[in-house]
Amino acid sequence: MLGWELPPHNSGGLGVACHQLCKALARKGADIEFILPYEHTTPIDFMKVRAATPQDVREVLLSGIAYDSAEYVYTTGETKRLSIYDQQRLYEESMENIALDGEYDVIHAHDWLTFRAALRAKHITGLPLVVHVHSIERDRAGGEAGNPLVREIEYMGLMMADRIIAVSEHTKRCIVEDYGIPAEKIAVVHNSIDSETLAPLDPSNAYHYLARMKEDGARVVVSIGRLTAQKNLPMLLEAAKEVIARAPKTYFLIVGSGEQYYELIEQAASLGISRNVIFTGFQRGKEWRDAYAIGDVFVMPSVSEPFGLTPLEAIAYGTPSVISKQSGVAEIIDNCLKVDFWDRDELANKITAVVQNDGLRDELHNNSFQEFVKLSWDDSAHKLTHIYKQHMGAYA
Amino acid sequence: MSRAIVLYLHVHQPFRVRQYSIFDAGVNHDYFFAQDYEDRTSNERIAHKVAEKSYIPTNQALLELLNNHPEFRLSLSITGTVIEQLEMWAPEALQSFKDLVATGRVEIVGETYHHSLAFYYSREEFERQVQMHREKVQHVFGVTPQIFRGTELAYDNDIAYWADKAGYKGILAEGWDPVLGWRSPNHVYRPAYTDNIRLLMKNYRLSDDIAFRFSDQNWAGWPLTADKFSRWLNETPDSTNFNLFMDYETFGEHQWDDSGIFDFLRHLPQEWLKGEGNSFMTISEAIDAFDAQDFIDAPHTTTWADSERDLSAWVGNNMQQQAIHALYDLESSILSTGDFNLIEDWRRLQSSDHVYYMCTKWFNDGDIHAYFSPYENPYDAFIAYMNAYHDLKFRLAEKGIEV
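Here the protein sequences come in this chain order: A and B. Residue numbering for the first sequence follows my numbering, starting at 1 and increasing by one per position. Residue numbering for the second sequence follows my numbering, starting at 397 and increasing by one per position.
Don't take every hint at face value.
[Unchecked claim] Derived EDC-like pairs (lysine to aspartate or glutamate); straight-line CA-CA distance at most 20 Å: (1) A:249 x B:725; (2) B:449 x B:434; (3) A:374 x A:358; (4) A:249 x A:215; (5) A:214 x B:740; (6) A:214 x A:196; (7) A:241 x A:345; (8) A:214 x B:794; (9) A:28 x A:45; (10) A:122 x A:101; (11) A:286 x A:263; (12) B:449 x B:460; (13) B:532 x B:740; (14) B:757 x A:105; (15) A:286 x A:266; (16) A:249 x B:798; (17) A:241 x B:725; (18) A:338 x A:215; (19) B:757 x A:266; (20) A:389 x A:105; (21) B:757 x B:776; (22) A:383 x A:184; (23) A:185 x A:152; (24) A:286 x B:420; (25) B:565 x B:554; (26) A:241 x A:343; (27) A:23 x A:92; (28) A:389 x A:33; (29) B:795 x B:741; (30) A:249 x B:794; (31) B:795 x A:362; (32) A:338 x A:92; (33) A:214 x B:420; (34) B:795 x A:215; (35) A:122 x A:92; (36) A:325 x A:96.
These aren't lab readings, by the way, just hints derived from the structure by calculation.
Let the sequences and hints guide you as you build the complete structure.
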């Protein structure tokens, strides 16, 4: 299996999804060798994790941001800072050694960063290739075309693969529309959530101020995620203005950092709602969990969200969601409020409804929680093993 | 012919808001006290630094001048917030100010205690802060201010009218060309629509030669000596009073010791006083000595900041507007509590410096904003401030007052 990141080195959902999926696959008896572009130091017992670094690279120093340059330390002691494209090239070249090393049945590659290596491995071994699409370039570019170099790699991978896995029907449609791939070639395997990985809440919430304001009737709308175009937060703020006009005791808690951070602070000020919008910057651990917990409603209005794990985390921590119809998670949770990403008034309408009606809030949460507890990666692993078998048969 | 230098220095330090997060709101109410002494927002560290680099050496130089030259005079304004900080962290610096005032030749100018823009947001609150400052000055220095200055030298017809009715004999303003028109700043004026009060306007060219350009080696006037500066003044025709207004920190902080600024200061009186009829005057003395040359009509507010000389450095962007309105909207709730600490924290948040740190005029003027800001950028300043605002609301809620 070819992947670009595993926790704790993850920039978004990709690493977490790979980790949990492999764990479930291993439970089903799959023997997995997971190839990363760097040396993974956190112990994992259910699969073999291997670094794809070429022979003469001693160490890869990550910057902390997954899609950034990384520093490669060579055995000669020399160091080089490599761009994401050069890292892909090295990752691809390493396949010459790795692919002939073991007895593999299937090559499974996650997202465009690994596609070039996957094609090389397929070329060397002649094995079936499954490419797994967690997001396409159009999602990451917030609905724009995105980077043409990335699109080219993505297109090649999708064309040459024997089978494509999409994390949602939404993503499947996007692949068909964007790249003209026949729908029959694409199987949908939804992501899931491993609730055991979610730490429990403490009795006292870190957002002391909001907890106090709630006692006086305030309500809290939470958004957690990177502040990038894909997440559609400028529209959330526009909707927030409408909500606050009707329910003035509503606070919007915006957790995350990203290139739109300052722009959003200025936007809130120019909309005249700064008193009701709290920007926390990036949070992890308790402050991250408590943000979900303090909310009366969680919002994810993304322009396009291939899957979108955060609403599930919100449910786990007691908060129902208003989410974009253009998201994968909308396909597996019925008990949430869904809006088109472009429909600001409807977003405002639904948020207002929840903050003005605790009955609606509680009903949504209770029912979505029933759906949540049934979710399991085992279903995803089951579907995947079936797909593996189909292709292994074809090559046998 | 009689001509005077009217030297007026402004002393102020705000209570800067520490890196105060939403997780502090409702938990810690200490907005102004950074735990880490080395932190950029540590008021204690800044007070120590400015006392050592500027206040103490400058006051020493000024006291020597007062002792050596019976003709030497100057005026000072010193805010309540800086007096409090010196009481806490640098009492020897405060004593050196008292020593100056004790000579009887240093005039103290009145203003708001908290260096606020309250005049533009709440007239009642403004008057309370002016009264607080007056009492503090009487208590610490044993004198009562006769002259008034708006925070940031903010000036317009309204504030002149107010100061006239309040009984002040003089008020200060920027000598900004669009207001002066064809007039020279080197005279005493009368504000429009007033009866008794007089107006002194800063000669910003001469003031900025000292305050901003002194150490600029690319400036044609560099190096500026006391002798050269006195010659410029002597060669200026038809002038009675040269109003040199600047921040106190010009000496030792904005212009470092090694620029020669202290030598300049030490030699200025002897060079200037060589000229026949030349003298130094306090603001009150200048008003007594010279007749008003004309009246000045100022319908629009001017300040002494930036190339715009307006309030845009403080309330020019949306964040600043949001922050300042949020704060003043709490006025009646906060005052109704009668809780001194809560009211005082609210007043400390009124210092104009807080909104100045949120200024986003990066280009041209932005560099000077960045120099004075203890924050990484205006957004961090805004976030810390708004979190403190939220905590004020929390404290009100705890008292059963909803906002």
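For each hint, the structure was consulted:
Pair hint residue 249 of chain A plus residue 725 of chain B holds up; C-alpha atoms about 16 Å apart against a cutoff of 20 Å. For the proposed pair residue 449 of chain B and residue 434 of chain B, the alpha carbon gap of about 17 Å is at most 20 Å, so the pair holds. Taking the CA atoms of residue 374 of chain A and residue 358 of chain A, the gap is about 25 Å. The hint is violated against a cut of 20 Å. In summary, the hint linking residue 249 of chain A to residue 215 of chain A is supported, as the alpha carbons are separated by about 11 Å, within the 20 Å threshold.
A C-alpha spacing of about 26 Å is found between residue 214 of chain A and residue 740 of chain B, which places the hinted pair above 20 Å, so the restraint is violated. For the hint linking residue 214 of chain A to residue 196 of chain A, the alpha-carbon distance of about 29 Å lies beyond 20 Å, and the restraint is violated. For the hint linking residue 241 of chain A to residue 345 of chain A, the alpha-carbon distance of about 11 Å falls within 20 Å, and the restraint holds. Restraint check: the Cα-Cα separation between residue 214 of chain A and residue 794 of chain B comes to about 12 Å, which is no more than 20 Å; the hinted pair holds.
Between residue 28 of chain A and residue 45 of chain A the alpha-carbon distance is near 15 Å, which keeps this suggested pair within the 20 Å criterion. As the CA atoms of residue 122 of chain A and residue 101 of chain A are separated by approximately 14 Å, the hinted pair is consistent with the 20 Å bound. Restraint check for residue 286 of chain A and residue 263 of chain A: not satisfied, since their Cα atoms lie roughly 27 Å apart, outside the 20 Å limit. Among the hinted pairs, residue 449 of chain B with residue 460 of chain B is consistent with the structure: their alpha-carbon atoms are about 17 Å apart, no more than 20 Å.
A distance of roughly 14 Å separates the Cα atoms of residue 532 of chain B and residue 740 of chain B; the hinted pair therefore holds under the 20 Å criterion. About 61 Å separates the Cα atoms of residue 757 of chain B and residue 105 of chain A, which puts this hinted pair outside 20 Å; it is violated. Only pairs whose Cα atoms come within 20 Å are accepted, and residue 286 of chain A paired with residue 266 of chain A is rejected, the gap being roughly 28 Å. For the suggested pair residue 249 of chain A and residue 798 of chain B, the alpha carbons sit about 10 Å apart, so the restraint of at most 20 Å is met.
With a C-alpha separation of about 19 Å, the suggested pair residue 241 of chain A and residue 725 of chain B falls inside the 20 Å cut-off, and the hint holds. Of the supplied pair hints, the one linking residue 338 of chain A and residue 215 of chain A is violated, its CA atoms being roughly 28 Å apart against a limit of 20 Å. Our distance criterion of 20 Å between C-alpha atoms is met by residue 757 of chain B and residue 266 of chain A, whose separation comes to about 13 Å. A distance of roughly 9 Å separates the Cα atoms of residue 389 of chain A and residue 105 of chain A; the hinted pair therefore holds under the 20 Å criterion.
Restraint check: the Cα-Cα separation between residue 757 of chain B and residue 776 of chain B comes to about 15 Å, which is no more than 20 Å; the hinted pair holds. For the given pair, residue 383 of chain A sits about 15 Å from residue 184 of chain A by alpha-carbon distance, which is consistent with the 20 Å threshold. For the proposed pair residue 185 of chain A and residue 152 of chain A, the alpha carbon gap of about 19 Å is at most 20 Å, so the pair holds. Of the pairs offered as hints, the one joining residue 286 of chain A and residue 420 of chain B holds, with about 14 Å between alpha carbons and a cut-off of 20 Å not exceeded.
Of the supplied pair hints, the one linking residue 565 of chain B and residue 554 of chain B holds, its CA atoms being roughly 16 Å apart against a limit of 20 Å. A distance of roughly 14 Å separates the Cα atoms of residue 241 of chain A and residue 343 of chain A; the hinted pair therefore holds under the 20 Å criterion. At roughly 25 Å between alpha-carbon atoms, residue 23 of chain A and residue 92 of chain A are farther apart than 20 Å, so this suggested pair is violated. A distance of roughly 17 Å separates the Cα atoms of residue 389 of chain A and residue 33 of chain A; the hinted pair therefore holds under the 20 Å criterion.
Proposed proximity of residue 795 of chain B and residue 741 of chain B is supported: the alpha carbons are some 16 Å apart, at most 20 Å. At most 20 Å may separate the alpha-carbon atoms for a hinted pair to count; residue 249 of chain A and residue 794 of chain B meet this at roughly 17 Å. Between the alpha carbons of residue 795 of chain B and residue 362 of chain A the distance comes to roughly 30 Å, so the proposed pair goes past 20 Å and is violated. This hinted pair does not check out: residue 338 of chain A and residue 92 of chain A have alpha carbons roughly 41 Å apart, beyond 20 Å.
For the proposed pair residue 214 of chain A and residue 420 of chain B, the alpha carbon gap of about 17 Å is at most 20 Å, so the pair holds. Taking the CA atoms of residue 795 of chain B and residue 215 of chain A, the gap is near 13 Å; set against the 20 Å cutoff, the hint holds. A C-alpha spacing of about 11 Å is found between residue 122 of chain A and residue 92 of chain A, which places the hinted pair at or below 20 Å, so the restraint holds. At roughly 43 Å between alpha-carbon atoms, residue 325 of chain A and residue 96 of chain A are farther apart than 20 Å, so this suggested pair is violated.
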